[in-house]
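Student: Just so you know, we're using the numbering used here here: the sequence shown kicks off at 12 and counts up by one.
None of these hints come from the bench; they were simulated from the model.
It is possible that part of the hints are untrue.
[Unchecked claim] The calculated DSSO-like cross-link candidates involving lysine-lysine, where the alpha carbons are at most 30 Å apart (straight line), are:
no.: 1; residue 1: K271; residue 2: K89
no.: 2; residue 1: K100; residue 2: K110
no.: 3; residue 1: K57; residue 2: K81
no.: 4; residue 1: K255; residue 2: K271
no.: 5; residue 1: K14; residue 2: K100
no.: 6; residue 1: K252; residue 2: K293
no.: 7; residue 1: K15; residue 2: K57
no.: 8; residue 1: K271; residue 2: K205
no.: 9; residue 1: K158; residue 2: K100
no.: 10; residue 1: K89; residue 2: K100
no.: 11; residue 1: K158; residue 2: K205
no.: 12; residue 1: K100; residue 2: K15
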Amino acid sequence: MKKKIRIITHSGNFHADELLAVAAIEIQLNGTLYEVIRTRDPEVWKTGDYVVDVGGVYDPTANRFDHHQKGGAGERNKVPYSSFGLVWKHYGEAICGSKEVADGVEARLVYPIDLADNGTEVYTTVFDGVHPYLLHSVVAAMRPTWKEGEIHDVRFVELIPLMRRIIEREVIAERDRIEGARLVREAYLAATDKRIIVIDGHYPWQDELARHPEPLYLLKPRHEGNSWQVECVRDDVHSFKNRKPLPEAWRGLSGEALGKVTGVPDAVFCHNMRFIAVAKSKESALRLAQMALVA
(Lines of atoms letter the chains of each structure in order from A and count residues from 1; the text may use other names and numbers.)
(Lines give C-alpha, C1' and ligand atoms only; values in the text may rest on other atoms or scores of the structure.)
Protein backbone atom coordinates (compact mmCIF):
# COMPACT_ATOMS: atom_id res chain seq x y z
CA MET A 1 0.00 0.00 0.00
CA LYS A 2 1.37 3.40 -0.99
CA LYS A 3 2.35 5.61 1.92
CA LYS A 4 0.25 8.73 2.36
CA ILE A 5 1.83 12.17 2.21
CA ARG A 6 1.92 13.67 5.72
CA ILE A 7 0.84 17.29 6.14
CA ILE A 8 1.51 18.42 9.69
CA THR A 9 0.19 21.50 11.43
CA HIS A 10 -0.40 22.50 15.05
CA SER A 11 -3.11 21.10 17.30
CA GLY A 12 -5.60 23.14 19.34
CA ASN A 13 -7.46 26.11 17.92
CA PHE A 14 -7.29 26.40 14.13
CA HIS A 15 -7.20 29.49 11.94
CA ALA A 16 -7.85 30.41 8.33
CA ASP A 17 -4.17 30.60 7.38
CA GLU A 18 -3.20 26.99 8.07
CA LEU A 19 -6.53 25.70 6.74
CA LEU A 20 -5.97 27.50 3.45
CA ALA A 21 -2.31 26.42 3.41
CA VAL A 22 -3.36 22.77 3.72
CA ALA A 23 -6.05 23.24 1.06
CA ALA A 24 -3.53 24.81 -1.33
CA ILE A 25 -1.13 21.91 -0.79
CA GLU A 26 -4.00 19.49 -1.47
CA ILE A 27 -4.63 21.20 -4.81
CA GLN A 28 -0.93 21.06 -5.63
CA LEU A 29 -0.79 17.34 -4.76
CA ASN A 30 -3.37 16.76 -7.51
CA GLY A 31 -5.03 13.66 -6.11
CA THR A 32 -2.07 12.18 -4.23
CA LEU A 33 -3.30 10.59 -1.01
CA TYR A 34 -2.42 12.51 2.13
CA GLU A 35 -3.26 12.76 5.80
CA VAL A 36 -3.37 15.75 8.12
CA ILE A 37 -1.70 15.41 11.50
CA ARG A 38 -2.28 18.14 14.07
CA THR A 39 0.31 18.10 16.83
CA ARG A 40 2.76 20.16 18.84
CA ASP A 41 5.22 17.28 19.23
CA PRO A 42 8.58 18.27 17.64
CA GLU A 43 9.44 14.63 17.04
CA VAL A 44 6.32 14.18 14.94
CA TRP A 45 7.09 17.36 13.01
CA LYS A 46 10.26 15.68 11.75
CA THR A 47 8.16 13.00 10.02
CA GLY A 48 6.13 15.44 7.94
CA ASP A 49 6.38 15.74 4.17
CA TYR A 50 4.91 19.22 4.68
CA VAL A 51 4.86 21.19 7.93
CA VAL A 52 2.75 24.36 8.03
CA ASP A 53 2.20 27.01 10.70
CA VAL A 54 4.29 25.21 13.29
CA GLY A 55 7.91 24.24 13.86
CA GLY A 56 9.57 27.64 13.72
CA VAL A 57 11.15 26.99 10.31
CA TYR A 58 10.62 28.45 6.87
CA ASP A 59 12.50 26.33 4.35
CA PRO A 60 10.66 25.70 1.08
CA THR A 61 13.26 23.18 -0.04
CA ALA A 62 12.17 21.00 2.89
CA ASN A 63 8.47 21.98 2.63
CA ARG A 64 8.56 23.82 5.97
CA PHE A 65 6.20 26.80 6.02
CA ASP A 66 6.07 28.51 9.41
CA HIS A 67 6.14 32.21 10.22
CA HIS A 68 6.21 32.19 14.03
CA GLN A 69 10.00 32.17 14.38
CA LYS A 70 11.86 35.26 15.58
CA GLY A 71 11.80 37.84 12.81
CA GLY A 72 8.98 36.06 10.99
CA ALA A 73 9.35 34.73 7.46
CA GLY A 74 9.62 37.97 5.53
CA GLU A 75 7.08 40.17 3.82
CA ARG A 76 6.10 41.63 0.44
CA ASN A 77 4.43 44.99 -0.15
CA LYS A 78 4.61 45.52 3.63
CA VAL A 79 2.39 42.45 4.16
CA PRO A 80 4.05 39.86 6.42
CA TYR A 81 3.70 36.22 5.44
CA SER A 82 1.51 33.74 7.26
CA SER A 83 1.69 30.03 6.48
CA PHE A 84 -0.87 30.47 3.69
CA GLY A 85 1.15 33.25 2.11
CA LEU A 86 4.32 31.16 2.24
CA VAL A 87 2.63 28.18 0.59
CA TRP A 88 1.09 30.48 -2.02
CA LYS A 89 4.49 32.07 -2.69
CA HIS A 90 5.83 28.72 -3.84
CA TYR A 91 2.77 26.99 -5.32
CA GLY A 92 0.38 29.78 -6.29
CA GLU A 93 1.59 30.17 -9.86
CA ALA A 94 1.43 26.41 -10.48
CA ILE A 95 -2.08 26.26 -9.01
CA CYS A 96 -3.28 29.20 -11.12
CA GLY A 97 -1.46 28.48 -14.33
CA SER A 98 0.00 31.99 -14.59
CA LYS A 99 1.76 34.57 -12.44
CA GLU A 100 -0.81 37.23 -13.33
CA VAL A 101 -3.68 35.16 -11.96
CA ALA A 102 -1.66 34.10 -8.91
CA ASP A 103 -0.83 37.73 -8.11
CA GLY A 104 -4.49 38.69 -8.36
CA VAL A 105 -5.59 35.90 -6.03
CA GLU A 106 -2.81 36.83 -3.64
CA ALA A 107 -4.00 40.44 -3.45
CA ARG A 108 -7.65 39.49 -2.97
CA LEU A 109 -7.46 36.37 -0.79
CA VAL A 110 -3.96 35.84 0.59
CA TYR A 111 -3.08 39.37 1.76
CA PRO A 112 -6.12 39.75 4.08
CA ILE A 113 -5.47 36.33 5.62
CA ASP A 114 -1.77 37.05 6.13
CA LEU A 115 -2.41 40.47 7.68
CA ALA A 116 -5.08 39.25 10.07
CA ASP A 117 -3.04 36.24 11.17
CA ASN A 118 -0.12 38.53 11.94
CA GLY A 119 -2.30 40.79 14.07
CA THR A 120 -2.62 43.69 11.64
CA GLU A 121 -5.97 45.47 11.29
CA VAL A 122 -7.22 45.62 7.71
CA TYR A 123 -10.34 47.73 8.24
CA THR A 124 -11.87 50.36 10.50
CA THR A 125 -15.39 50.14 11.85
CA VAL A 126 -18.09 52.75 11.35
CA PHE A 127 -20.71 51.44 13.79
CA ASP A 128 -19.79 50.56 17.37
CA GLY A 129 -19.89 46.82 17.93
CA VAL A 130 -20.52 46.00 14.26
CA HIS A 131 -17.73 44.26 12.35
CA PRO A 132 -17.49 42.72 8.85
CA TYR A 133 -18.21 39.01 8.72
CA LEU A 134 -14.99 37.69 7.20
CA LEU A 135 -13.53 34.31 6.28
CA HIS A 136 -11.90 34.34 9.70
CA SER A 137 -15.41 34.66 11.14
CA VAL A 138 -16.55 31.58 9.23
CA VAL A 139 -13.59 29.60 10.57
CA ALA A 140 -14.21 30.83 14.11
CA ALA A 141 -17.86 29.76 13.88
CA MET A 142 -16.72 26.21 13.10
CA ARG A 143 -14.50 25.89 16.15
CA PRO A 144 -16.06 23.73 18.87
CA THR A 145 -17.55 25.64 21.76
CA TRP A 146 -16.66 24.92 25.37
CA LYS A 147 -19.68 22.59 25.53
CA GLU A 148 -18.76 20.54 22.46
CA GLY A 149 -15.52 19.02 23.68
CA GLU A 150 -12.16 18.53 21.99
CA ILE A 151 -13.23 17.92 18.40
CA HIS A 152 -10.89 20.45 16.79
CA ASP A 153 -9.27 17.82 14.55
CA VAL A 154 -12.64 16.71 13.20
CA ARG A 155 -13.75 20.26 12.46
CA PHE A 156 -10.39 21.08 10.84
CA VAL A 157 -10.70 18.23 8.35
CA GLU A 158 -14.33 19.14 7.67
CA LEU A 159 -13.28 22.65 6.65
CA ILE A 160 -10.58 21.67 4.15
CA PRO A 161 -13.00 21.05 1.22
CA LEU A 162 -14.59 24.47 1.78
CA MET A 163 -11.18 26.17 1.85
CA ARG A 164 -10.17 24.33 -1.31
CA ARG A 165 -13.38 25.41 -3.01
CA ILE A 166 -12.77 29.03 -2.05
CA ILE A 167 -9.27 28.94 -3.56
CA GLU A 168 -10.51 27.27 -6.73
CA ARG A 169 -13.35 29.76 -7.15
CA GLU A 170 -11.00 32.71 -6.60
CA VAL A 171 -8.68 31.33 -9.29
CA ILE A 172 -11.57 31.00 -11.76
CA ALA A 173 -12.91 34.44 -10.84
CA GLU A 174 -9.50 36.07 -11.31
CA ARG A 175 -8.93 34.42 -14.69
CA ASP A 176 -12.32 35.62 -15.88
CA ARG A 177 -11.82 39.06 -14.31
CA ILE A 178 -8.61 39.55 -16.30
CA GLU A 179 -10.34 38.59 -19.54
CA GLY A 180 -13.37 40.76 -18.73
CA ALA A 181 -11.17 43.73 -17.84
CA ARG A 182 -9.55 43.48 -21.25
CA LEU A 183 -12.98 43.68 -22.92
CA VAL A 184 -13.94 46.68 -20.78
CA ARG A 185 -10.65 48.36 -21.66
CA GLU A 186 -11.40 47.83 -25.35
CA ALA A 187 -14.87 49.37 -24.88
CA TYR A 188 -13.32 52.37 -23.14
CA LEU A 189 -10.77 52.88 -25.90
CA ALA A 190 -13.47 52.59 -28.57
CA ALA A 191 -15.91 55.00 -26.89
CA THR A 192 -16.43 58.35 -28.63
CA ASP A 193 -17.68 59.97 -25.42
CA LYS A 194 -15.59 58.40 -22.68
CA ARG A 195 -17.96 59.65 -20.00
CA ILE A 196 -20.39 56.88 -20.98
CA ILE A 197 -18.99 53.41 -21.56
CA VAL A 198 -21.15 50.68 -23.12
CA ILE A 199 -20.39 46.98 -22.74
CA ASP A 200 -22.34 44.02 -24.11
CA GLY A 201 -21.79 41.52 -21.29
CA HIS A 202 -21.62 41.09 -17.54
CA TYR A 203 -17.91 41.79 -17.27
CA PRO A 204 -16.29 42.98 -14.03
CA TRP A 205 -15.85 46.61 -15.00
CA GLN A 206 -15.49 48.63 -11.79
CA ASP A 207 -11.73 48.32 -11.27
CA GLU A 208 -10.92 48.96 -14.90
CA LEU A 209 -13.03 52.11 -15.27
CA ALA A 210 -11.85 53.48 -11.92
CA ARG A 211 -8.36 53.69 -13.46
CA HIS A 212 -9.55 56.22 -16.04
CA PRO A 213 -10.64 59.76 -15.11
CA GLU A 214 -13.40 60.35 -17.67
CA PRO A 215 -16.03 57.59 -17.21
CA LEU A 216 -19.10 58.61 -15.21
CA TYR A 217 -21.63 55.98 -16.28
CA LEU A 218 -21.54 52.39 -17.47
CA LEU A 219 -24.26 50.85 -19.65
CA LYS A 220 -24.74 47.10 -19.74
CA PRO A 221 -27.50 44.52 -20.29
CA ARG A 222 -29.29 43.18 -17.21
CA HIS A 223 -28.92 39.56 -16.12
CA GLU A 224 -32.70 39.15 -16.41
CA GLY A 225 -32.54 40.06 -20.10
CA ASN A 226 -34.70 42.45 -22.13
CA SER A 227 -33.52 45.49 -20.18
CA TRP A 228 -30.43 47.65 -19.75
CA GLN A 229 -29.00 49.49 -16.79
CA VAL A 230 -27.05 52.67 -16.20
CA GLU A 231 -24.61 52.39 -13.32
CA CYS A 232 -22.44 55.08 -11.77
CA VAL A 233 -18.65 54.78 -11.83
CA ARG A 234 -16.74 55.20 -8.56
CA ASP A 235 -13.15 56.22 -7.89
CA ASP A 236 -12.95 53.62 -5.11
CA VAL A 237 -14.76 50.40 -5.93
CA HIS A 238 -14.96 49.58 -2.21
CA SER A 239 -16.92 52.74 -1.39
CA PHE A 240 -20.40 53.94 -2.27
CA LYS A 241 -19.27 57.38 -3.44
CA ASN A 242 -20.19 57.87 -7.09
CA ARG A 243 -18.31 60.21 -9.40
CA LYS A 244 -21.63 61.69 -10.51
CA PRO A 245 -24.84 60.35 -8.93
CA LEU A 246 -27.97 60.09 -11.02
CA PRO A 247 -30.33 63.10 -10.75
CA GLU A 248 -31.98 63.73 -7.39
CA ALA A 249 -35.36 64.03 -9.12
CA TRP A 250 -35.13 60.37 -10.17
CA ARG A 251 -34.45 59.00 -6.69
CA GLY A 252 -36.65 56.01 -5.85
CA LEU A 253 -39.00 56.46 -8.81
CA SER A 254 -40.23 53.61 -11.00
CA GLY A 255 -42.52 52.88 -13.90
CA GLU A 256 -44.82 55.65 -15.03
CA ALA A 257 -43.53 58.12 -12.43
CA LEU A 258 -39.93 57.78 -13.64
CA GLY A 259 -41.05 57.88 -17.27
CA LYS A 260 -42.90 61.12 -16.65
CA VAL A 261 -39.92 62.82 -14.97
CA THR A 262 -37.37 61.66 -17.54
CA GLY A 263 -39.45 61.63 -20.69
CA VAL A 264 -38.28 58.05 -21.26
CA PRO A 265 -41.48 55.96 -21.48
CA ASP A 266 -39.83 52.59 -20.87
CA ALA A 267 -37.73 53.69 -17.89
CA VAL A 268 -38.15 51.02 -15.21
CA PHE A 269 -36.70 52.38 -11.96
CA CYS A 270 -33.98 54.45 -10.31
CA HIS A 271 -32.43 53.24 -7.08
CA ASN A 272 -32.96 55.28 -3.91
CA MET A 273 -29.19 55.73 -3.63
CA ARG A 274 -29.01 57.08 -7.20
CA PHE A 275 -26.30 54.72 -8.39
CA ILE A 276 -28.33 52.64 -10.85
CA ALA A 277 -31.25 53.14 -13.22
CA VAL A 278 -32.91 50.65 -15.55
CA ALA A 279 -34.75 50.95 -18.86
CA LYS A 280 -36.27 48.33 -21.15
CA SER A 281 -33.95 49.09 -24.07
CA LYS A 282 -30.34 49.99 -24.71
CA GLU A 283 -31.40 53.17 -26.48
CA SER A 284 -33.48 54.31 -23.51
CA ALA A 285 -30.71 53.51 -21.05
CA LEU A 286 -28.36 55.62 -23.16
CA ARG A 287 -30.86 58.48 -23.09
CA LEU A 288 -30.98 58.30 -19.29
CA ALA A 289 -27.17 58.41 -19.11
CA GLN A 290 -26.98 61.37 -21.48
CA MET A 291 -29.61 63.24 -19.45
CA ALA A 292 -27.73 62.50 -16.23
CA LEU A 293 -24.55 64.00 -17.69
CA VAL A 294 -26.10 67.45 -17.95
CA ALA A 295 -28.33 67.28 -14.86
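Student: Taking the hints in turn, state whether each one holds.
Tutor: Here is what the structure says about each hint:
{"no.": "1", "hint": "K271 with K89", "result": "violated (54 Å)"}
{"no.": "2", "hint": "K100 with K110", "result": "holds (10 Å)"}
{"no.": "3", "hint": "K57 with K81", "result": "holds (20 Å)"}
{"no.": "4", "hint": "K255 with K271", "result": "holds (22 Å)"}
{"no.": "5", "hint": "K14 with K100", "result": "holds (27 Å)"}
{"no.": "6", "hint": "K252 with K293", "result": "holds (25 Å)"}
{"no.": "7", "hint": "K15 with K57", "result": "holds (15 Å)"}
{"no.": "8", "hint": "K271 with K205", "result": "holds (28 Å)"}
{"no.": "9", "hint": "K158 with K100", "result": "violated (38 Å)"}
{"no.": "10", "hint": "K89 with K100", "result": "holds (15 Å)"}
{"no.": "11", "hint": "K158 with K205", "result": "violated (60 Å)"}
{"no.": "12", "hint": "K100 with K15", "result": "holds (24 Å)"}
Hints 1, 9 and 11, counting from the list given before, are not met by this structure.
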